[in-house]
Amino acid sequence: IFVSTKPYLDNLYLREGRNTDIFQTGNILLLDRNNMTRKYIDEYLSEHQIVPSQVLEVNTMDILIEFAKIGLGIGCVIREFVQEELDKQMLVTIPMKWPIKKRTIGFAYNPGGTSRALEDFLSFCGSFPIS
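Its first residue numbered 3, the sequence shown is counted upward by one per residue in this note's numbering.
There could be a bad hint or two in this list.
Unchecked claim - DSS-like cross-link-like pairs, simulated, lysine-lysine; straight-line CA separation at most 30 Å:
#: 1; residue 1: K8; residue 2: K90
#: 2; residue 1: K71; residue 2: K103
#: 3; residue 1: K71; residue 2: K8
To be verified - Here are the in silico distance ranges between beta carbons for each label pair:
#: 4; residue 1: R105; residue 2: E18; range: 29 to 35 Å
#: 5; residue 1: T106; residue 2: I72; range: 30 to 36 Å
#: 6; residue 1: R40; residue 2: G114; range: 17 to 23 Å
#: 7; residue 1: V57; residue 2: N13; range: 14 to 20 Å
#: 8; residue 1: P9; residue 2: F109; range: 38 to 44 Å
Treat the hints as calculated values from the structure; they're not laboratory data.
In this text, a Cβ means the ideal position worked out from N, Cα and C, and glycines have one as well.
Sequences and hints are given; from them, build the entire structure.
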């Protein structure tokens, strides 16, 4: 999802007008291009002909979230990582015309050569509901 502080958006709209394309006038905070999440978002942006004009790249999600929280721009983050900030209204969600589809993650392993660590990991992963 894309998030920002309300004051950042208010200032952007005051400067550029309510009908502004925030991807053209705002600072867009993204992970670096080598990150798998960034590649997924780049694909989404390309698919919908969204071309951000001002991009600030960082190499960790933690830094990206902190930059969004201090009002440096509009960050593309994982909802679960900022749910508390959203609940407390420290950050607001930027509505997108097209929803960003959830990704799926898969694991491949040799069932004949499992270790205790692998078994614990698989048990841990199996404890989450599949949505």
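Right, here's what the structure says about each hint:
{"no.": "1", "hint": "K8 / K90", "in the structure": "12 Å, holds"}
{"no.": "2", "hint": "K71 / K103", "in the structure": "24 Å, holds"}
{"no.": "3", "hint": "K71 / K8", "in the structure": "10 Å, holds"}
{"no.": "4", "hint": "R105 / E18: 29 to 35 Å", "in the structure": "32 Å, holds"}
{"no.": "5", "hint": "T106 / I72: 30 to 36 Å", "in the structure": "33 Å, holds"}
{"no.": "6", "hint": "R40 / G114: 17 to 23 Å", "in the structure": "36 Å, violated"}
{"no.": "7", "hint": "V57 / N13: 14 to 20 Å", "in the structure": "19 Å, holds"}
{"no.": "8", "hint": "P9 / F109: 38 to 44 Å", "in the structure": "42 Å, holds"}
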